[in-house]
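Student: Given the sequences, and given the hints that come with them, work out the whole structure.
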Amino acid sequence: MAHPAVDKFGKIVVTKLRDNAIDFFDLASQGHWRAPSLQNLQRELADQTPEQIDLIRRCVIQAIETGMHDFLFALVEANDFENVHVMVDGVNVADESDGLHGEQFTEEGWIAKFAKHPEGSP
2 MAHPAVDKFG
12 KIVVTKLRDN
22 AIDFFDLASQ
32 GHWRAPSLQN
42 LQRELADQTP
52 EQIDLIRRCV
62 IQAIETGMHD
72 FLFALVEAND
82 FENVHVMVDG
92 VNVADESDGL
102 HGEQFTEEGW
112 IAKFAKHPEG
122 SP
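The numbering of the sequence shown is our numbering, which starts it at 2 and goes up by one.
In case anyone wonders, no lab produced these hints; they're calculated from the structure.
Note that the coordinates shown come from a computational prediction; the quantities given were computed from them, not determined experimentally.
Heads up, some of the hints might be wrong.
[Said to hold, decoys possible] Simulated DEER-style distance windows between Cβ atoms:
#, residue 1, residue 2, range
1, A79, K17, 12 to 22 Å
2, R59, L39, 37 to 47 Å
3, A47, D81, 42 to 52 Å
4, H4, R44, 39 to 49 Å
5, D90, A47, 42 to 52 Å
6, D96, E45, 38 to 48 Å
7, D81, A113, 18 to 28 Å
8, T16, E83, 25 to 35 Å
9, K9, E78, 16 to 26 Å
10, K12, H33, 22 to 32 Å
11, P5, D48, 40 to 50 Å
12, L18, L39, 34 to 44 Å
[As the list claims (entries may be wrong)] Below, in silico cross-link-like pairs of lysine-lysine (BS3-like), each with a Cα-Cα straight-line distance of 25 Å or less:
#, residue 1, residue 2
13, K12, K117
14, K17, K114
15, K117, K9
16, K114, K12
17, K117, K17
18, K114, K9
Yeah, the Cβ is synthetic: ideal placement off N, Cα and C, and Gly gets one too.
Tutor: Structure below.
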């Protein structure tokens, strides 16, 4: 079982990074956003079939999760070699984890515990 500080950190990473990014894509694929810079993207998404949208969505989720993994791995290395630490409630989360970069993926990991889209499905 993960230390409570590690899970607190993971909940922020999953809900504020992963879930928000997936929500952004889902809303963009529905033409939700009004920002002028997003109009062309939303028009192009509107031209796709549901199957193509699903494929794009899966690619988006994979890219997010790969980025999370790489960032978390970099935090572990920075903790070990560069004196960069992430502290939650006075606890160094990298020191309390077997590897922050793997915390998201297990059956009892951060995505399973905290994600709005646990399998990437709305």
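Student: None of the hints should be skipped; say for each whether it holds.
Tutor: Against the structure, the hints:
Hint check: A79 to K17, Cβ distance near 20 Å, so the stated range 12 to 22 Å holds. With their beta carbons about 21 Å apart, R59 and L39 fall outside the hinted range of 37 to 47 Å. Checked against the given bound of 42 to 52 Å, the beta carbons of A47 and D81, roughly 47 Å apart, stay inside it. Taking the beta carbon of each, H4 and R44 are about 46 Å apart, inside 39 to 49 Å as hinted.
For the hinted restraint 42 to 52 Å between D90 and A47, the CB-CB distance of approximately 45 Å keeps it satisfied. About 45 Å separates the C-beta atoms of D96 and E45, a value consistent with the hinted range of 38 to 48 Å. For the pair D81 and A113, the supplied restraint of 18 to 28 Å holds, since their beta-carbon distance comes to about 27 Å. Look at T16 against E83: about 27 Å separates their beta carbons, and that is inside 25 to 35 Å.
Checking the proposed 16 to 26 Å range against K9 and E78 shows it holds: the Cβ atoms sit about 22 Å from each other. The supplied range of 22 to 32 Å is met by K12 and H33, whose beta-carbon atoms lie about 25 Å from each other. Roughly 47 Å separates the CB atoms of P5 and D48, a value that falls within the hinted 40 to 50 Å. For L18 paired with L39, a C-beta distance near 19 Å fails the hint of 34 to 44 Å.
The straight-line distance between the Cα atoms of K12 and K117 is roughly 11 Å, inside the 25 Å bound, and the hint therefore holds. The suggested pairing of K17 with K114 holds, with an alpha-carbon distance near 14 Å, which does not exceed 25 Å. With a CA separation close to 16 Å, the supplied pair K117 and K9 stays within the 25 Å bound. Among the hinted pairs, K114 with K12 is consistent with the structure: their alpha-carbon atoms are about 8 Å apart, no more than 25 Å.
Taking the CA atoms of K117 and K17, the gap is about 10 Å. The hint holds against a cut of 25 Å. The straight-line distance between the Cα atoms of K114 and K9 is roughly 11 Å, inside the 25 Å bound, and the hint therefore holds.
In summary, the structure is inconsistent with hints 2, 12 from the numbered list given earlier, while agreeing with the others.
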